[in-house]
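Peer 1: Chains as they are written, first to last, in the numbering used here: chain D, 1 to 62; chain Y, 1 to 466.
There may be inaccurate statements among the hints.
[What the hints assert, rightly or not] Quick list of simulated restraints, FRET-style, between CB atoms:
#1 Ala-277(Y) <-> Gly-15(D): 45 to 51 Å
#2 Asp-47(D) <-> Arg-241(Y): 27 to 33 Å
#3 Ser-35(D) <-> Pro-237(Y): 45 to 51 Å
#4 Gly-257(Y) <-> Leu-18(D): 28 to 34 Å
[As the list claims (entries may be wrong)] A few chain Y positions that, by computed beta-carbon distances, are all more than 12 Å from chain D:
#5 Ala-62
#6 Arg-147
#7 Arg-196
#8 Ser-208
#9 Thr-238
#10 Ala-240
#11 Arg-256
#12 Arg-302
#13 Pro-306
#14 Ala-319
#15 Ala-353
#16 Arg-359
#17 Arg-439
#18 Leu-461
What the hints contain is simulated information worked out from the structure, not anything from laboratory work. Note that beta-carbon positions come from the ideal geometry of N, C-alpha and C, so glycine has one too.
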Amino acid sequence: MPDRERLRHRMAAAGVDLPLEMIDLVIAAGGATISALDELVVLAPPDAEPFVPARQLSDDAA
Amino acid sequence: MPLDRSLAELAAMLRRRETTAVDVTEACLGTIRERDGATHAFVTVTADDARAAARAADAALAAGKAGPLAGVPVAVKDLFAVRGVVRSNGSAVCDGDHPATADAAVVARLRAAGAVVVGTTHLHELAFGPTGVNPALGTPANPWQARRVPGGSSSGSGAAVAARLVPAALGSDTGGSIRVPASFCGITGLKPTYGRVSRTGMTPLSWSLDHAGPLARTVEDVAILLGVLAGHDPADPTSARLPVPDYTRALGQGIRGLRIAVPRAFCTTVLDDEVGAAFEAALGTLESAGARVRDVDIPTLRRASPMLGATIMSEALSALGPLVAARREQLGVEVRVYLELAKLVTAEHYLAAQRLRSRLYGEMRDVLARADVLATPATPIAATRVEELVIRVAGADVGVVETICRLTGPFNLTGLPALALPCGFTRDGRPIGLQLAGRPFDEETVIAAGHVFQRLSDWHLRQPPR
């Protein structure tokens, strides 16, 4: 299935409520980011905790 | 004309009593009245309050008790609470809201330092976008080319400073919203370290990415402003309890031996040729002052765009949901699209993005253990046309939104301080920005490097056509 079609199906399955004429525009402008979401899960380092900037940055600066 | 002066020059003139706060404020209000029709930077002009504040500043100056910004006019992005003003947040969904009963923490700090708040400025709807295009409330004109976007989301603040309507303004920055308008409008903007400046009284977009900070014409100006804005706020749970240095002392530092790291492979993957040339020339200028430049690789930068997207969309859906729920039909198309697309981001995606943020931060920390600052172009492209959603860069079609945030977003993900300042112009006259980022809470080094660059260049002194 081409990427564009896959994205359309994915949006429909997630309940994305947008007019049809807008879907192509959204895919053109932001399709790459949407497609890359699943890669984040694959790439997330197993030994890393979620980043908490308020704690991490102060700890490192202290 | 006092408004052609930088904030530092104007504050010094006021301290020397070469002009008065009342005269400066009247000049500022007159300029806004005369020229903001074309710029469309202001939502609300608080003329009566400004005049009262100016009289108080003159009294303080006469008594020798004036703060560092006594009598200096400033504008405030219209997502910070300003006492007595209805906050638009750049959206029709806020029509009919009540005026704020108290100032945001940063506004209160500006007033305590003697600044004269002259009004609130337009923004990308709900600060959710980097272009500044706002069909509902109007898009501020880029003062250099009216059909080009000013950059966002602090669009009105950027346009107002560049157009010489005010010497300084407040902005917020979630994926680049201070640095993008600084880059596109040819001014200077600083996103401080996460936790350095309070966010109390600022409408949230994305809690783990939102920052407040200044836009002005020069690095010296933003150093003065940061000294006023920075400091612990018990009302903001993310506010850091670290001491605030005198940032103006950094202005006297040279940069001989300063180690500058450039993630060149990442920067050049999507980069306009003219922006690339200006960036290389800027690095050469810094080298001429004694800095040493070397290339580095920060592998997780390549995933920064989806990390930023997953984080902003998830947090914005939660932050803005209650605000827009009852008035969804008044929401603009772009934000409606983002909030719908947020449904595609699962908890697994969100947490993966947060864990990758830890890795990205670790990689940057390692680089900054062997270097003093990171340098990139502020934005890979100069200001786009208002109607453009996809543009061609280096032979490839790229999304405008993603491209604009490509180099600023990583410093929201990591919370590191990042400064944008002018470093050139395209052949057709659009400003180009340089970005310098530093270690946590080390704004001083970034300010020192930026100030040296502005001593050696005149890009920040150029004025848009009137």
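Peer 1: If a hint holds in the structure, say so; if it does not, say that too.
Peer 2: Cross-check of the supplied hints:
| no. | hint | in the structure |
| --- | --- | --- |
| 1 | Ala-277(Y) <-> Gly-15(D): 45 to 51 Å | holds, 46 Å |
| 2 | Asp-47(D) <-> Arg-241(Y): 27 to 33 Å | holds, 29 Å |
| 3 | Ser-35(D) <-> Pro-237(Y): 45 to 51 Å | violated, 35 Å |
| 4 | Gly-257(Y) <-> Leu-18(D): 28 to 34 Å | violated, 54 Å |
| 5 | Ala-62 | holds, 40 Å |
| 6 | Arg-147 | holds, 20 Å |
| 7 | Arg-196 | violated, 9 Å |
| 8 | Ser-208 | violated, 6 Å |
| 9 | Thr-238 | violated, 4 Å |
| 10 | Ala-240 | violated, 5 Å |
| 11 | Arg-256 | holds, 25 Å |
| 12 | Arg-302 | violated, 10 Å |
| 13 | Pro-306 | violated, 4 Å |
| 14 | Ala-319 | holds, 16 Å |
| 15 | Ala-353 | violated, 5 Å |
| 16 | Arg-359 | violated, 5 Å |
| 17 | Arg-439 | violated, 8 Å |
| 18 | Leu-461 | holds, 34 Å |
Hint violations for this structure: numbers 3, 4, 7, 8, 9, 10, 12, 13, 15, 16, 17, all remaining hints satisfied.
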